[in-house]
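Visitor: Sequence:
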Amino acid sequence: MKKAISFLTVMILAVGLLAGCNSSNSSASGKGGAAKSVELKVFIDQPRFKQQYQTYLDQFVAKEKKEKNIIVSVKLELPNINQASQLLKTRMASGDSPDVFSLHAINDIPVYSRAGYLEDLSDQPFVKKLYNTVKPAVTYKGKVYAVPLETVQWGYLYNKKIFNDLGLKLPQTISEMEQTVKTLKQHNVTPFLLAYKDAYIPQLFLPLTVGADQIKDKPNFITNMNEGKGSFSEIKDMFNIMDLSNSNGTPNPFEIGQDQGASDFANGKAAMWIQGPWMADSILQANKNFEFGVAPLPVNNNPATTQLDLTTSTSLAVSKSSKNKAVAKDLINYILDDKDSSAFYKSLGFNPISKIHNFEQFPWLKESSTYVAEGKAYQDPSIPSSVKDESQKIFQSYFAGDASKKDVIADLDRAWKEFNNNNK
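For the sequence shown, the residue numbers in mature numbering (1 follows the signal peptide of the UniProt record, and there is no 0) are -19 to -1, 1 to 405.
Please note that a few of the clues may not be correct.
[What the hints assert, rightly or not] List of simulated lysine-lysine pairs, DSS-like, C-alpha gap at most 25 Å:
no., residue 1, residue 2
1, Lys320, Lys70
2, Lys46, Lys405
3, Lys357, Lys347
4, Lys199, Lys31
5, Lys141, Lys49
6, Lys301, Lys109
7, Lys369, Lys217
8, Lys327, Lys110
9, Lys124, Lys336
10, Lys44, Lys336
11, Lys163, Lys197
12, Lys347, Lys142
13, Lys141, Lys336
14, Lys199, Lys217
15, Lys405, Lys44
16, Lys386, Lys197
17, Lys122, Lys405
18, Lys386, Lys369
19, Lys142, Lys124
20, Lys217, Lys110
The set of hints was computed from the structure by calculation and includes no laboratory data.
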């Protein structure tokens, strides 16, 4: 699941009067008694969805007041993706954890659980509503620790009009991608949209290449790395697609972040963007009539490895140290409210993740779902967050010409070894 609007956006959402109330008391006194007041700190690293979250939290506040006579003041933090991870870790380590916060289900739940930061949510009503295919991603050692927001099938985005006008088929191998690039350039179309200002974007090559190589050639790569026996030198396909896109893309990539990238892509400045459908809202804000698709990224000449990455990413957890756990859990359960959740998920452009969801999927989500139905998707590789963080920096340096392939491999190997040493 990333809109870099500022270092930190803070909104205070308040309903009702807060005079003379104890903010640490999270239990209702009943409709006949005095209302209780609670401040709930919510931390979500998706500022591009500011309006959607604000609207849904407003609904939650009204529901708590009506049904439980609790006046909730929500302090919503929407940090940009580049600072969010470190900011959250710092807050947690200092004892200033938000009550409810976003994390990456696959990458973060094991680490945060071992650190004692996560409240066990296994007994909460939302758990029974989750699809069986989604629940494992938010489960660690038999306990559910978060409610999932985003389940994503992703690879790269492509401009349907350009592909249709030129009669291009989606490439299934790296050789076919090279031919696609050649054809596009012959028709004066820039093949790839490059946007490296936001460091998480270059990092996207990491799960895509590791995931593809695991399908056939390196099925034990993650296990070997966790045991200190592997090396990124084994992921030989990583640099092929990185070099191909970087040498056939739009100019000044380090001046372009995800917001400008979404606008440029929506306005036809390139035929492909190695990004995920989480950018749909920003793209359509720039051009509401734009038609794009989601396709698997080829990284070698084996078409069997050209599959989508299937992941459960942004999820919401409750802090173990929260003083307002009852209200925090009310919010977590409201995320999958039987009445309101479908409209919420549709407004975010996310996939259905629960049996209560009954909304019509967007075209690009339907397209990506067909790959999953056909068995052409792999589970997002469990790469430690610290390794992904390192890849952000070293990939930027590589694309800038300041780091070699050997430097990239050495840095990633070192980051994984440090992760192993810190998690023994």
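Visitor: Lys142 and Lys124: Cα distance at most 25 Å?
Guide: At roughly 46 Å apart (the allowed maximum being 25 Å), Lys124 and Lys142 break the hint.
Visitor: Taken at face value, is the distance from the CA of Lys70 to the CA of Lys320 at most 25 Å?
Guide: violated, 34 Å
Visitor: Does Lys217 lie within 25 Å of Lys199 when you go C-alpha to C-alpha?
Guide: Within the cut-off at roughly 10 Å; holds.
Visitor: If you draw a straight line from the CA of Lys46 to the CA of Lys405, is it 25 Å or shorter?
Guide: Violated, at roughly 46 Å.
Visitor: Verify the proposed pairing of Lys217 with Lys110, using a straight-line Cα cut of 25 Å.
Guide: violated, 41 Å
Visitor: Need the status of pair Lys141, Lys336: alpha-carbon distance at most 25 Å?
Guide: violated, 31 Å
Visitor: Measure nothing beyond the straight line between the CA atoms of Lys405 and Lys44; if it is 25 Å or shorter, mark the hint as holding.
Guide: This hinted pair is violated, its Cα atoms lying about 44 Å apart.
Visitor: Just to be careful, I want the Cα atoms of Lys122 and Lys405 compared with a cutoff of 25 Å; is the pair within it?
Guide: holds, 17 Å
Visitor: Is Lys347 within 25 Å of Lys142, Cα to Cα?
Guide: holds, 18 Å
Visitor: Within 25 Å, alpha carbon to alpha carbon, are Lys386 and Lys197?
Guide: holds, 23 Å
Visitor: Would you mind confirming whether the straight-line C-alpha gap from Lys386 to Lys369 stays at or under 25 Å?
Guide: holds, 16 Å
Visitor: What's the verdict on Lys141 and Lys49, does the C-alpha distance respect the 25 Å limit or exceed it?
Guide: This hinted pair is violated, its Cα atoms lying about 49 Å apart.
Checked against the numbered hints listed earlier, the structure breaks hints 1, 2, 4, 5, 11, 13, 15, 19 and 20; every other hint is satisfied.
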